[in-house]
Amino acid sequence: MWQVLRSELASQNFEIITVGCDAKGAEVEREFIEIANPEYPCLIDTKFVVTELYNTRNVPALFWIDESGRIVRGNDPAYMTRRDPETGIRTPNERYMDVVRDWVKNGSESIYVTSNDVTQERLGASDESNQQAMAHFRLGVHLDSHGQHAEAVEQFKAALALKPDNWNYRRQAYNLGNADEYGMTMQEAMQAVGPMYAVALQLPDAPKT
Amino acid sequence: MAVTILTSESESTPAGARADGARLWLRSDELLTSTGWEMKPEGVCRGDVCVPLPPAQAATLLSERDGATWLDMAGFAEFIGQTYAHDAATESWYFGPGPEERRGQFDLLDAPDFELPDLEGRKHRLSDYRGKKVLLALWASW
Numbered sequence: 001m002w003q004v005l006r007s008e009l010a011s012q013n014f015e016i017i018t019v020g021c022d023a024k025g026a027e028v029e030r031e032f033i034e035i036a037n038p039e040y041p042c043l044i045d046t047k048f049v050v051t052e053l054y055n056t057r058n059v060p061a062l063f064w065i066d067e068s069g070r071i072v073r074g075n076d077p078a079y080m081t082r083r084d085p086e087t088g089i090r091t092p093n094e095r096y097m098d099v100v101r102d103w104v105k106n107g108s109e110s111i112y113v114t115s116n117d118v119t120q121e122r123l124g125a126s127d128e129s130n131q132q133a134m135a136h137f138r139l140g141v142h143l144d145s146h147g148q149h150a151e152a153v154e155q156f157k158a159a160l161a162l163k164p165d166n167w168n169y170r171r172q173a174y175n176l177g178n179a180d181e182y183g184m185t186m187q188e189a190m191q192a193v194g195p196m197y198a199v200a201l202q203l204p205d206a207p208k209t
Numbered sequence: 210m211a212v213t214i215l216t217s218e219s220e221s222t223p224a225g226a227r228a229d230g231a232r233l234w235l236r237s238d239e240l241l242t243s244t245g246w247e248m249k250p251e252g253v254c255r256g257d258v259c260v261p262l263p264p265a266q267a268a269t270l271l272s273e274r275d276g277a278t279w280l281d282m283a284g285f286a287e288f289i290g291q292t293y294a295h296d297a298a299t300e301s302w303y304f305g306p307g308p309e310e311r312r313g314q315f316d317l318l319d320a321p322d323f324e325l326p327d328l329e330g331r332k333h334r335l336s337d338y339r340g341k342k343v344l345l346a347l348w349a350s351w
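Chains as they are written, first to last, in the working numbering: chain A, 1 to 209; chain B, 210 to 351.
No wet-lab data here; the hints were simulated from the structure. Virtual Cβ for every residue (Gly too), placed ideally from N, Cα, C.
Distance condition first, Cα-Cα at most 27 Å in a straight line; then the derived DSSO-like pairs of lysine-lysine:
hint, chain 1, residue 1, chain 2, residue 2
1, B, 332, A, 47
2, B, 342, A, 47
3, B, 342, A, 105
Chain B regions said to be covered by chain A (calculated; three or more residues, Cβ under 8 Å):
hint, segment
4, 214-227
5, 291-300
6, 304-311
7, 323-330
8, 334-343
Label-pair restraints from in silico Cβ distances:
hint, chain 1, residue 1, chain 2, residue 2, range
9, B, 220, A, 89, 34 to 44 Å
10, B, 298, A, 27, 23 to 33 Å
11, A, 179, B, 245, 36 to 46 Å
When you get a sec, could you build the whole thing from the sequences and use the hints?
If you want it as structure tokens, here you go:
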């Protein structure tokens, strides 16, 4: 999916790393990854290690990490465009690719690098209730992968009771079972807690050329 | 029943672990290998953090049996504010990061490191790419 950008920018000390956050792992991700024919690492996270570490509540979520390992822009919901009907490939939206190009070229001078305060705000604080919900969610993923579906559903319900607007929890839970187990369709959930894609990609206007 | 202990990046089934209702008794050696917490004279320690147990807590959280010291890990987690989740049917326990890890998680904006496999099972560590700009993209098939 990102191969276009990778081919263009790899010589400029730039890499893309994707993390598939999905309990079913390679089984469901292989098709998406192979069609992209990537030269960059596509990692598989069936236990939601990265979701917990980066405190995300939906996908996609993109982070910019500079040469020293610091996050300089975080939690971008940069959606892919629709799948090309002929090739099956999805590409990131053009505007976002331009923004990444600007960062690779200008580094910390890029207008798209956010201040520390803004970056921290976007990452959010993983408070105790976030982590309690995450503990239920990750235990649920473990139980489901060990054939304990009914017990997993109880853990997912506990996670969603604490964080009803965490779409990672809801989408993964529904994907492993069905909405009936949770008494609420995805549409009803969105009516109750707000749309799934409520967080907009916040970008300053491109400089005039 | 066998007890399974999960943490962010580990899974173990300590042979001596004993679940008793809401309590989870771990022998000191297995406590360390399962959770990273270690019993020391100054308290229960992990990394740079040591939690001294006041007598009231020590009385309920510690137990001497079979020539070893045992800690009620569930009670200890509640005492220090470490989140956990428990499934009684399978005696599976997930312990989240401790409060010492939660505090200031993003203060320095250091990208948290992790190691994961690709489709072929090759392991990659984020910090292997230090020195390059990295676009880290989380996605899912659902």
